[in-house]
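Undergrad: The lines below spell out each chain.
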Amino acid sequence: MFTNEALVRLCRARDVLCEVHDRTLTIDEVAREAAMSPFHFIRRFSAVFGDTPHQVRIKARLDRARHLLVDGERSVTEICMEVGFSSHGSFSTLFARRMGVSPSEYRRRARSMIAVPGTASTHLFPACLSLMGPAFAILEKQHISRSGRVGACE
Amino acid sequence: MRIKLTSIMVDDQDKALRFYTQVFGFVKKHDIPVGEYRWITVVSADGHADVELSLEPNANPVGRTFQEGLLKQGIPATAFEVDDVEREYQRLKALGVVFTQEPARQGPITLAVCADTCGNLIQLYQPPSP
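As they're listed, the protein sequences go chains E and C. Counting in the numbering used here, the first sequence runs from 1 upward without gaps. Counting in the numbering used here, the second sequence runs from 1 upward without gaps.
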């Protein structure tokens, strides 16, 4: 069983991993801060958070990049450096693999969804049931469109 | 007014859907894409199929801060009822689920607490026998 202290140490380790500015962080350093051997740290971390420390770090970097692309004015290259990537190519590849579009295309699409500049759309950063209404509106639209097509054939 | 829907924030909806169906054993009810995210709900396999749990992305920093704060304090985000908490504990443990509290009696109920791998602790409780 996990003690609460072990859980808190793992949560702190996750916080450290999510601080995207520090490029030089190693697993050994984070494990040491969590007072575990690297082997136990990776095993326990993955059991609690469902991802390896490396996956959590990459996700945090890409997530921070998303926010900066939507809200800030910095260039893609500046954002790439800001979130701890040293190569524009690896940043763009990872970003596109996760989001399905390049960082600049993501910025363009995201901004077209924001009605008031400086306010992030709830579609982009949803919480607290904000997806429910749009989801059922989409479902109804699909239903109507399917029924319409059937009607047209009859 | 009826209580038919509740929600839990998750740090990754794909991972959450896998865990909540394959490990907890719930059944997917809705999975509707909405932009980058999905409206996903699950229902219990052996309970009321019309009482849904939404697996919501914790993409909003406000929600994420709340979720992380609960976890750091060891506070469960929600609770699910089970028939036999000891049996569930053994089953989930065998699947690699981490428990922060083994089954323990608290008054007439028995409780255990585990991690859902999506940023939450979940309390499992066995109600008193009728």
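By construction, these hints were calculated from the structure, which means they are not laboratory data. Some hints could be false.
Result set (BS3-like, lysine-lysine): computed pairs, CA atoms no more than 27 Å apart in a straight line [stated by the list, open to error]:
1) K28/C / K4/C
2) K4/C / K29/C
3) K15/C / K93/C
4) K28/C / K15/C
5) K29/C / K15/C
6) K93/C / K29/C
7) K29/C / K72/C
8) K93/C / K72/C
9) K141/E / K28/C
10) K15/C / K59/E
11) K28/C / K93/C
12) K141/E / K72/C
13) K72/C / K59/E
14) K141/E / K93/C
15) K15/C / K4/C
16) K4/C / K59/E
Just so we're clear, the structure is a prediction, and the values are computed from it rather than from any experiment.
Undergrad: If a hint holds in the structure, say so; if it doesn't, say that too.
TA: How the hints compare with the structure:
no., hint, result
1, K28/C / K4/C, "holds (15 Å)"
2, K4/C / K29/C, "holds (13 Å)"
3, K15/C / K93/C, "holds (18 Å)"
4, K28/C / K15/C, "holds (13 Å)"
5, K29/C / K15/C, "holds (16 Å)"
6, K93/C / K29/C, "holds (26 Å)"
7, K29/C / K72/C, "violated (31 Å)"
8, K93/C / K72/C, "holds (21 Å)"
9, K141/E / K28/C, "holds (22 Å)"
10, K15/C / K59/E, "holds (13 Å)"
11, K28/C / K93/C, "holds (23 Å)"
12, K141/E / K72/C, "violated (42 Å)"
13, K72/C / K59/E, "holds (20 Å)"
14, K141/E / K93/C, "violated (43 Å)"
15, K15/C / K4/C, "holds (24 Å)"
16, K4/C / K59/E, "violated (33 Å)"
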